[in-house]
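Colleague: Sequence:
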Amino acid sequence: MSRRKSKVTIKDVAFALGVNPSTVSLVMNGSRRISAPTRERVLKVAREMGYIPDKRAQGLRFRRTRVLGIMVPALNEIYVPTVVDGAYRTARKAGYQLLIVYSGQTAEEETDATMQLLAEGVDGVMLIERRPDASGQPTEHPAYHLLLEHGVPTALLGTDCPAGFNQVDIAMQSFVLQIMDAVLSRGRGASLITRHNGSLERFISEKQEQGFLEGMRKAGVADPTRFIFSKCDHHELVELGRVAGQYLVENFGLRQAILTANDLIAEGVQNYVMENGIRTGGDFTFVSLSDLPYSPYGPTAFASAIVPMGQCGESLAELVIGQINAGSNWTPRRRLFHPCPVTRHLERMDLSEEEKRELWNRQHEYRSRGFYQEFVRTESPVRAESTALPA
Numbered sequence: 005m006s007r008r009k010s011k012v013t014i015k016d017v018a019f020a021l022g023v024n025p026s027t028v029s030l031v032m033n034g035s036r037r038i039s040a041p042t043r044e045r046v047l048k049v050a051r052e053m054g055y056i057p058d059k060r061a062q063g064l065r066f067r068r069t070r071v072l073g074i075m076v077p078a079l080n081e082i083y084v085p086t087v088v089d090g091a092y093r094t095a096r097k098a099g100y101q102l103l104i105v106y107s108g109q110t111a112e113e114e115t116d117a118t119m120q121l122l123a124e125g126v127d128g129v130m131l132i133e134r135r136p137d138a139s140g141q142p143t144e145h146p147a148y149h150l151l152l153e154h155g156v157p158t159a160l161l162g163t164d165c166p167a168g169f170n171q172v173d174i175a176m177q178s179f180v181l182q183i184m185d186a187v188l189s190r191g192r193g194a195s196l197i198t199r200h201n202g203s204l205e206r207f208i209s210e211k212q213e214q215g216f217l218e219g220m221r222k223a224g225v226a227d228p229t230r231f232i233f234s235k236c237d238h239h240e241l242v243e244l245g246r247v248a249g250q251y252l253v254e255n256f257g258l259r260q261a262i263l264t265a266n267d268l269i270a271e272g273v274q275n276y277v278m279e280n281g282i283r284t285g286g287d288f289t290f291v292s293l294s295d296l297p298y299s300p301y302g303p304t305a306f307a308s309a310i311v312p313m314g315q316c317g318e319s320l321a322e323l324v325i326g327q328i329n330a331g332s333n334w335t336p337r338r339r340l341f342h343p344c345p346v347t348r349h350l351e352r353m354d355l356s357e358e359e360k361r362e363l364w365n366r367q368h369e370y371r372s373r374g375f376y377q378e379f380v381r382t383e384s385p386v387r388a389e390s391t392a393l394p395a
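The sequence shown begins at 5 in the numbering used here and counts up by one.
The hints are simulated quantities; they were obtained by calculation from the structure and are not laboratory data. Every clue listed holds true.
Below are the EDC-like pairs computed for lysine to aspartate or glutamate, each with C-alpha atoms no more than 16 angstroms apart in a straight line:
#1 Lys11 <-> Glu52
#2 Lys235 <-> Glu210
#3 Lys97 <-> Glu44
Here are the simulated distance ranges between beta carbons:
#4 Arg93 <-> Asp227: 41 to 49 angstroms
#5 Gln120 <-> Thr42: 33 to 41 angstroms
#6 Ser356 <-> Gly34: 48 to 56 angstroms
#7 Arg45 <-> Arg93: 17 to 25 angstroms
All of these numbers come straight from a predicted model, not from anything done at the bench. For every residue, glycine included, the Cβ atom is placed at its ideal position computed from N, Cα and C.
Can you make the complete structure from the sequences, with help from the hints?
Modeller: And the structure:
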């Protein structure tokens, strides 16, 4: 039987490098006192020697575990993997690992997940708001009370955010309202296709519907809810788009713009359009809103916009890490992200040259500013998004 390999220690790594063990210790604990070249050399040799830091011992010594928790309703929901990936990349860059737990669909499951994070001693927590289901029953959030009670730095992606948490939100409602103003001013009708299959998709779809209904009511349209085609349990997005596109065209004609909750639904509308020889542009068009725009690659031109879900995940991690580093000097922040038109399709959109130039300039501004506005949260919990655009 082969003998078990002895565990490599900090002293072994220091001896191999010819440096003091305290230098290796500082590198392993993420200290900024060590220069980048020395840090890279220490990490390289440590990896080669098979050194494994004892995170539990470090946690006891420094009262930090270098682990962040993220609580998600489910990983197979649309948008969730993109948010988690953004949070992971930012956390890893700052020297943190990510622990993923599931909030589930009940208050009991959310309590269990929160207790697990507290037991693991995570340094901070990121949350994706668990939205009410189709029944409309109020959603309990035991995680909020537990995390506030234990003083854990926390950031939440959602609308109903407790005072004391950092918040990341998306100005989807005001963005859709802008689209509606542009569409309806040209004498077209409008319709919207959404889906509510999961918390984060419900969060986005509800905002889209609110902006759509506000725009229709401003234009004096009676009973605007009849122009929304929404499904809670339709799992195939492309097929949903095809079925919805057919229904909306047959019932409301071709003089309209169809807004879709994401580019996969738009692809389904596109399939229906191509199968029936319908030309887009002019009176009939459709607009897609998604985190991963498909429209630049589709055979049919349609307008598209980026919903910055990856950047939202990055911001969750940035805000939590900022709070960890600042300690008691931190005041909770709110970041409001703005969807952004896809530049490649501005020339295909039914807009004047001045309007195209304005959209391009706005996109450039959003990119240079990271797509968001940041506010200090000194108010009571935020429930309504600001409709103001960056100055």
